[in-house]
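Turn these sequences into a full structure, and let the hints steer you where they fit.
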Amino acid sequence: MGTLLYAMKNFISVHDVDNIDALVQKAISYKADPLKDRLLGADKRIGLLFLNPSMRTRLSTQIAARNLGMEAIVFNMDKDGWKLEFEEGVVMDGTSVEHIKDAAPIMGAYFDILCIRTFPTLKNKEEDYNEVLVNQLIKYSGIPIVSLESATLHPLQSFTDIITIKEVFKEPRKPRIALTWAPHIKPIPQCVANSFAQWVNAWGEADFVITHPEGYELDTQFTNGATIEHDQRKALQEADFVYVKNWSAFGDYGKVLTHDAQWMLTEEHLRATNNAKVMHCLPVRRNVELSDEVLDGASSLVNLQGANRVWAAQAVLSEILNGSN
Amino acid sequence: MGTLLYAMKNFISVHDVDNIDALVQKAISYKADPLKDRLLGADKRIGLLFLNPSMRTRLSTQIAARNLGMEAIVFNMDKDGWKLEFEEGVVMDGTSVEHIKDAAPIMGAYFDILCIRTFPTLKNKEEDYNEVLVNQLIKYSGIPIVSLESATLHPLQSFTDIITIKEVFKEPRKPRIALTWAPHIKPIPQCVANSFAQWVNAWGEADFVITHPEGYELDTQFTNGATIEHDQRKALQEADFVYVKNWSAFGDYGKVLTHDAQWMLTEEHLRATNNAKVMHCLPVRRNVELSDEVLDGASSLVNLQGANRVWAAQAVLSEILNGSN
Amino acid sequence: MGTLLYAMKNFISVHDVDNIDALVQKAISYKADPLKDRLLGADKRIGLLFLNPSMRTRLSTQIAARNLGMEAIVFNMDKDGWKLEFEEGVVMDGTSVEHIKDAAPIMGAYFDILCIRTFPTLKNKEEDYNEVLVNQLIKYSGIPIVSLESATLHPLQSFTDIITIKEVFKEPRKPRIALTWAPHIKPIPQCVANSFAQWVNAWGEADFVITHPEGYELDTQFTNGATIEHDQRKALQEADFVYVKNWSAFGDYGKVLTHDAQWMLTEEHLRATNNAKVMHCLPVRRNVELSDEVLDGASSLVNLQGANRVWAAQAVLSEILNGSN
Numbered sequence: 001m002g003t004l005l006y007a008m009k010n011f012i013s014v015h016d017v018d019n020i021d022a023l024v025q026k027a028i029s030y031k032a033d034p035l036k037d038r039l040l041g042a043d044k045r046i047g048l049l050f051l052n053p054s055m056r057t058r059l060s061t062q063i064a065a066r067n068l069g070m071e072a073i074v075f076n077m078d079k080d081g082w083k084l085e086f087e088e089g090v091v092m093d094g095t096s097v098e099h100i101k102d103a104a105p106i107m108g109a110y111f112d113i114l115c116i117r118t119f120p121t122l123k124n125k126e127e128d129y130n131e132v133l134v135n136q137l138i139k140y141s142g143i144p145i146v147s148l149e150s151a152t153l154h155p156l157q158s159f160t161d162i163i164t165i166k167e168v169f170k171e172p173r174k175p176r177i178a179l180t181w182a183p184h185i186k187p188i189p190q191c192v193a194n195s196f197a198q199w200v201n202a203w204g205e206a207d208f209v210i211t212h213p214e215g216y217e218l219d220t221q222f223t224n225g226a227t228i229e230h231d232q233r234k235a236l237q238e239a240d241f242v243y244v245k246n247w248s249a250f251g252d253y254g255k256v257l258t259h260d261a262q263w264m265l266t267e268e269h270l271r272a273t274n275n276a277k278v279m280h281c282l283p284v285r286r287n288v289e290l291s292d293e294v295l296d297g298a299s300s301l302v303n304l305q306g307a308n309r310v311w312a313a314q315a316v317l318s319e320i321l322n323g324s325n
Numbered sequence: 001m002g003t004l005l006y007a008m009k010n011f012i013s014v015h016d017v018d019n020i021d022a023l024v025q026k027a028i029s030y031k032a033d034p035l036k037d038r039l040l041g042a043d044k045r046i047g048l049l050f051l052n053p054s055m056r057t058r059l060s061t062q063i064a065a066r067n068l069g070m071e072a073i074v075f076n077m078d079k080d081g082w083k084l085e086f087e088e089g090v091v092m093d094g095t096s097v098e099h100i101k102d103a104a105p106i107m108g109a110y111f112d113i114l115c116i117r118t119f120p121t122l123k124n125k126e127e128d129y130n131e132v133l134v135n136q137l138i139k140y141s142g143i144p145i146v147s148l149e150s151a152t153l154h155p156l157q158s159f160t161d162i163i164t165i166k167e168v169f170k171e172p173r174k175p176r177i178a179l180t181w182a183p184h185i186k187p188i189p190q191c192v193a194n195s196f197a198q199w200v201n202a203w204g205e206a207d208f209v210i211t212h213p214e215g216y217e218l219d220t221q222f223t224n225g226a227t228i229e230h231d232q233r234k235a236l237q238e239a240d241f242v243y244v245k246n247w248s249a250f251g252d253y254g255k256v257l258t259h260d261a262q263w264m265l266t267e268e269h270l271r272a273t274n275n276a277k278v279m280h281c282l283p284v285r286r287n288v289e290l291s292d293e294v295l296d297g298a299s300s301l302v303n304l305q306g307a308n309r310v311w312a313a314q315a316v317l318s319e320i321l322n323g324s325n
Numbered sequence: 001m002g003t004l005l006y007a008m009k010n011f012i013s014v015h016d017v018d019n020i021d022a023l024v025q026k027a028i029s030y031k032a033d034p035l036k037d038r039l040l041g042a043d044k045r046i047g048l049l050f051l052n053p054s055m056r057t058r059l060s061t062q063i064a065a066r067n068l069g070m071e072a073i074v075f076n077m078d079k080d081g082w083k084l085e086f087e088e089g090v091v092m093d094g095t096s097v098e099h100i101k102d103a104a105p106i107m108g109a110y111f112d113i114l115c116i117r118t119f120p121t122l123k124n125k126e127e128d129y130n131e132v133l134v135n136q137l138i139k140y141s142g143i144p145i146v147s148l149e150s151a152t153l154h155p156l157q158s159f160t161d162i163i164t165i166k167e168v169f170k171e172p173r174k175p176r177i178a179l180t181w182a183p184h185i186k187p188i189p190q191c192v193a194n195s196f197a198q199w200v201n202a203w204g205e206a207d208f209v210i211t212h213p214e215g216y217e218l219d220t221q222f223t224n225g226a227t228i229e230h231d232q233r234k235a236l237q238e239a240d241f242v243y244v245k246n247w248s249a250f251g252d253y254g255k256v257l258t259h260d261a262q263w264m265l266t267e268e269h270l271r272a273t274n275n276a277k278v279m280h281c282l283p284v285r286r287n288v289e290l291s292d293e294v295l296d297g298a299s300s301l302v303n304l305q306g307a308n309r310v311w312a313a314q315a316v317l318s319e320i321l322n323g324s325n
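Sequences listed follow chains A, B and C, in order. At position 96 of the first sequence the residue is numbered 96 (this note's numbering), and the sequence of numbers has no breaks. At position 92 of the second sequence the residue is numbered 92 (this note's numbering), and the sequence of numbers has no breaks. At position 36 of the third sequence the residue is numbered 36 (this note's numbering), and the sequence of numbers has no breaks.
No wet-lab data here; the hints were simulated from the structure. None of the values given here were measured: they were computed from a predicted structure.
If you want a taste of the chain C side facing chain B, the calculated C-beta under 8 Å gives, among others:
{"id": "1", "residue": "R45"}
{"id": "2", "residue": "W82"}
{"id": "3", "residue": "V90"}
{"id": "4", "residue": "M92"}
{"id": "5", "residue": "D93"}
{"id": "6", "residue": "I106"}
Even glycine gets a Cβ: it sits at the ideal position worked out from N, Cα and C.
Structure, rendered in structure tokens:
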């Protein structure tokens, strides 16, 4: 198998990855032997900075860092700290207590790698899609930045998804993958869908179709290369993998346009598929996005995806450590 | 001294303990030499999952795990994460973000042992006394579960209490132990009282009396074997240990039936005892449950109890590690 | 260079330091070689107890402890735990759940060193200036206590500031240091200003002037020895270092007396200085306390101060460990 051509500096999107297949192999090798590089990160320190809640991402990244011998320190900026300011030149006479320009260099002095979790506003599209926080952290911290989900992307999740698909699919052909929108009770970021589309397209080893109600078109910078099909039944035909996810509208930004329960994925929806495996990043709203029968059935990969988060994070951190040595 | 006949799978109640005396000896041996098994848990990971606040339990379990060489990761589900759903078959269109059926298997993949702290609703007796959360975690996580206090029991506290009594009482006879209800300003779970009764009864090495105002009868599944005496003065006579604790009603579930300050334990109450030692699990409402003079006097064991929490947790984790090796 | 005459017991104020210059040298030696004493704190445990938010202090102290081989456990008393009571003899029938007299001994049993962060009420001057919490912790925990900022002082910050000044100033004369008040939008503790004044005075190696609007006089127990000058322009003349900080009134306790933007430090203010370096403890309200141009310019030492927090904490913990061995 291939070796990585260059080590990673940051991990913000698939563009930071030189060779997806090689990175997948690295992750799978950690799954087989989690502690094989237990000294790689010795005396290195990783900061995990949360501006929003997180369970799998938080825990899996801590575990991955420890498997590589790094010391991990978690900081809940929103609860242990205070509100950050991101705008340049602002008079800080409001609720923001500290500017990212002042917090980031200190983080850079304290840590060797900094991981950041932040959600979009879903109100200001330009601010969200410019990834202001992540880009300011890169600019002002001076150390490698790893996204634990940002305003527009969730690269550790998508990398995990590719690992899981490669682990499960053993036929000598390209898998057919359908990403389907599902209902939700409230506005949800586009991150997981954007990111999954970006990674599958970059990987290039799948027939990829995206299905959603009209009005839910994603940003074409991420979907370009995939087929868009508004008829869910048609999109699911012959699918080997069905990735289920809700997102709010990108066009009419952050809006919920429909709650149509027909889009909830059930066993009935799977009949026309090629005995498809079903994926979801979790947390999932049972019987809103996906039915109990699917989640509790043999076709569900959600637990495998959750478990694989560790190996995805470990491969990424390992690459960054290799680059920083 | 005896050896344990079998290793523990879970630690939810006294029923998970084969030999209480042997487990006490194990705890006391750790108190004498905290780091003697410092490699037992090497490369094992323990998750501490909190749905409710905790100080002593949180810190002592972390310390116990570290003394055994385990890596401990704390996760405040209520603050770092989101609200869990426990009901089967529910349409998750409300405030719960994730079902325990989806969270538990991931925890099972990430950790070797999972500790959980959860409080009762004090509103739905059936749900509380069925210990829905703990039982679902056991069912869906696939790894050993340790209760850090559940809806009805607090086994690490009660085990600590037995350790403390055995450490202090050196006479060649059974000690007389009185568990007395005390006032509080708000409804408090029955856990500590239930659990203390269950452990003292299972231990069988004490004359055990429980005293409380009428209406505060505990669930007989836990108290069966103890004398119930509504006259507090009478119950305290000749006691060697007085365990003070408030609880809300079990019958008229979760209700506060009286604030009668006569039940607050003071020095005056101790006169008829056998120079009794006084116990409380902490936190304690001073001059509501117990008077300052008792808490600050020589008869108080509350600091010893708090310190012994480490050795109780360490003995339990050690047993589970022995079982999982 | 000198050696410390005796090891530290607590670190609450400059009075706990026997030889400031020697402690600075120790910090600088850790900056040069962070892991040189990596076994000093082996098998020792440090508790970091937060009653208020913290970023730099929290992270730098954790890092310092780990550099010395200690295990650090963070506990957010306000969020993971509950409200503490400090008053003696009180009937605890209100919102406080546990008395410091009961919490402190358990902390003393669990940890080798205990660090505490607490803010003043800014309402009850006597309570704040008596440092009730810190003094009760010292009295009831029985272990060394390190202040991570208390009601009236911030000694780790001030020690860092002396380190930074000594690191930067290389001329064969005393530096001229001006501490200047700056505007803020809300009432802020006097801690940083009190503590900086106390340390600079105790150090004795500077010409020290404090400038603020009338009514903002600090407690003379800390400022005694410094020149007080109400004309900011005059105070800044020929300054080598300008320390910028807001504080609320000490006399009319906790009040904001003015928002006069003339006091915000700008490049223009620096013209009459001796090419002064500018200091601030962070977090800073940009364009309220200090202008962007100053913070982003070459005269700013704020990032260096933030980074030096690690070495200050490490030197202090090292001294305490030496004393406890």
